[in-house]
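Sequence lines, in order, name chains A and B.
With positions in the first sequence counted from 1, the corresponding number in our numbering is that position plus 1404.
With positions in the second sequence counted from 1, the corresponding number in our numbering is that position plus 243.
If you're looking for bench data, these hints aren't it; they were derived computationally from the structure.
Please note that the accuracy of each hint is not assured.
[Claimed, not checked] Okay, derived cross-link-like pairs now, EDC-like style, lysine to aspartate or glutamate, Cα gap no bigger than 20 Å in a straight line:
| no. | chain 1 | residue 1 | chain 2 | residue 2 |
| --- | --- | --- | --- | --- |
| 1 | B | Lys413 | A | Glu1569 |
| 2 | B | Lys292 | B | Glu427 |
| 3 | B | Lys428 | A | Glu1569 |
| 4 | B | Lys428 | B | Glu499 |
| 5 | B | Lys287 | B | Glu708 |
| 6 | A | Lys1544 | B | Glu381 |
| 7 | B | Lys525 | B | Glu427 |
| 8 | B | Lys596 | B | Glu708 |
| 9 | B | Lys267 | B | Glu331 |
[As the list claims (entries may be wrong)] To give an idea of the chain B side of the interface with chain A (calculated C-beta under 8 Å), a few residues:
| no. | residue |
| --- | --- |
| 10 | Ala358 |
| 11 | Phe392 |
| 12 | Ser395 |
| 13 | Ile396 |
| 14 | Ile403 |
| 15 | Ser409 |
| 16 | Asn414 |
| 17 | Ser418 |
| 18 | Ile595 |
| 19 | Tyr597 |
Note that beta-carbon positions come from the ideal geometry of N, C-alpha and C, so glycine has one too.
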Amino acid sequence: MVNLILLTILATLFFIITAWRLVTYLQILSLQGFLLFFAAYLSLSSMNSANLLFILLETIIVKAVAIPFFLSYVLKRNNITREAEPIIPTFISLVLMVIAVIAIFFFSYSSGYSIFDNLYFVVSLTTIFAGLYIIMSRRKIITHVMGYLIIENGVFILSLAVGNEMPILVNLGILLDIFASVLTLGIFFNRIGDVFKDADVTKLQSLKD
Amino acid sequence: MYIFFITNLIIGCFLAINRSKIIKNILLGIFILVNALFTLYSIKNIGLKGTFFNSDPLSVIFTTILFIISTISIFHSYPYLKWQQKKEREHNFYFAAMVILVTALNAAYSANHIAITWVFVEITTISASFLIYYRRTELTLEATWKYIFVCSISVTFIFIGILFLSISMKNSAVSEMTYDILMEKAQTFDPFWLKMAFIFIFTGFTAKAGLFPMYTAGIDAKDKAPSPAGAIFASGVMNVGLCGIIRTYAIIHRTEILSWSKTVLTISALISIFIASVYIMKVLNFKRMLAYSSVEHMGIITLGLAMGGPGIFAALFHSINHSLIKPALFYQSGIFYRVFGSKFINETGGFIKYSISGSLVLLFGYLLVIAVPPSGLFISEFIIFKEMFIQGKFLLMAAVMILITVIIWALGRNILKATFVPISGDDRSLEKPSFIESFPQLCLILCVALMGTYPPQSILKLLEEVVSMVIG
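Whenever a hint applies, use it, and build me the whole structure from the sequences.
Below, the structure written as structure tokens:
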């Protein structure tokens, strides 16, 4: 069951790589939040219940509802155009993504464990890769933030793999998550948001040598 | 130890909400006092093991340096803030951010658990970004955004590394991740996952340390932050990255993947020095030039770590001297910027006309930073090169030497021009900074020269202890 959810998360990554509209990105982020909720519920079985409750609440409230909702508010308020404006054509992105997944599968196979033990590892590394790829191949600052949130989801999946032995690491992952959301909130609620209105990275090139 | 951290945190919070000038000064005084007590306490109690924080030789060295630099930074902040003429509230925010940054750095140095180091490194990112954004212009905004973004990703990388580390210990029946236990049980860890862990943790810490993959964040930060804060970035914040790298390296040093990790360190160091030499040749901004020079020195330090044995000793010695001399140059560049109203080399010059003591700082600082004896940096670079020679890495040695020569030439050209060549047709009467503003820098320069000639035995003994901790 957990494997099925993890594979669904893998599928959403392909979707987000090919997506054109920013709203789709937000929907997928929200969907990933819900999937992570179920994955956490199923894989952290031996954790004490108060801690588990806290983690589950965090995934459902912060990851699945609050952040996507807040980002869509930012999109509306700042009149950010709807396209994601990828620099690289979608088809090439898709091919790169497939190559990455295959490479990560082989890589994890070489570690000497069976594939199903390593599914957490494969899915999380792919998610991290997808996040980094979105940061590199999109122009808008808000898509960079979304890419960062996707990386964050990948880290969460990885922390689930060791969650039963070391619950403190899952909590630290949550801390990282809260840190990231505070930063995004801070950036876009502050005056910084006004300067960054619909900004893309081409405007952020005055600092150079 | 908690008492110190909590008091500092409270001081920071009070500074942020306080409006009165007198209370601000009193609070800063208390902060310096608490910091001094903390430093003394950790020096007296080397080997003390708490639940979350230890006082070991490595943390004592870095804490002491940070105490010196942060005190001078607060002293230099007063003229800087007076020049900027902002509202009182923003001054208070500036000091609060600095207090919290210093506290978080101290906590990160002395943490005994890898996850606690990680948490405090995260806090340094937030407080440092407040310092960078102090002037509230578009350029500082850009620098802040880049710093936050790169540091967030690097912090995530460190966390991924920690997760891999915990996967690697699955078969060795360890449930705690304190450095002591990790070093003790390192041989039982799975080498494949340990490699992954080292790569990610190292990449993550390079953002703070200013090494190859993620050095860019540090450069913008040091350039755009106020110079007193830039001095802390060039010493304390770089040391926190170095501290993380050394502690992880100490774990790796006990396993079979040691030679592989040495290769990783060497590659990163060589590319860092290369990048520094390329940029330093064409850079026109004085503070960016100093920041690239820091990248070069970090590269040399990492090279020393990669050489092992005496190289590790030299690397630590290098980092001590570097974190004393580079802040001196940063403070002076702040005064320089204030006098000329510009930090571009083609728009400034003839500093000796306005301040003799300041020019002396620039000149001696230059001589010491390029490791001319009696600089302490000379000894460490000599040991590192000797170690490379003994291990037969002649090609690497030649490459590093050529790159360093280029850096010496470029730095010398710019600093000598800024000091002696006046701008043609410029007869403005500019402000003449007082001698007292250059005094702390001269003291720091004297310290580095003393470290090169008569290094105190107690410091050498501490360094030996760190080396034996790393080698095990």
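| query | Given the proposed pairing of Lys525/B with Glu427/B, does the C-alpha separation stay at or below 20 Å? | reply | violated (48 Å)
| said: For a C-alpha distance cap of 20 Å, please report whether Lys413/B and Glu1569/A respect it. | reply: Answer holds: Lys413/B to Glu1569/A is near 8 Å, not above 20 Å.
| Has the given pair, Lys428/B with Glu499/B, been kept, meaning a C-alpha gap of at most 20 Å? | holds (13 Å)
| field | Hinted pair Lys596/B and Glu708/B, Cα distance within 20 Å | value | violated (47 Å)
| Restraint satisfaction for Ser418/B [CB to CB of chain A, less than 8 Å] | At about 7 Å, which falls below the 8 Å cut-off, the nearest Cβ of chain A leaves the hint on Ser418/B intact, so it holds.
| field | Agreement of hint Ser395/B with chain A interface, Cβ distance less than 8 Å | value | OK, holds: Ser395/B within 8 Å of chain A, min 6 Å.
| Are the Cα atoms of Lys267/B and Glu331/B separated by 20 Å or less? | Roughly 10 Å between the alpha carbons, so the hint for Lys267/B and Glu331/B holds.
| If you take the shortest Cβ to Cβ gap from Phe392/B to chain A, is it below 8 Å? | holds (7 Å)
| query | Is Lys287/B close enough to Glu708/B, meaning Cα to Cα at most 20 Å? | reply | holds (15 Å)
| query | Does Glu381/B lie within 20 Å of Lys1544/A when you go C-alpha to C-alpha? | reply | Since the Cα atoms of Lys1544/A and Glu381/B sit roughly 17 Å apart, the hinted pair holds (cutoff 20 Å).
| message | Given Ile403/B as an interface hint, is its Cβ closer than 8 Å to any Cβ of chain A? | response | holds (6 Å)
| field | When the least beta-carbon distance from Tyr597/B to chain A is tested against 8 Å, hint result | value | Cβ of Tyr597/B sits 27 Å from chain A, so the hint is violated.
In summary, the structure is inconsistent with hints 7, 8, 16, 18, 19 from the numbered list given earlier, while agreeing with the others.
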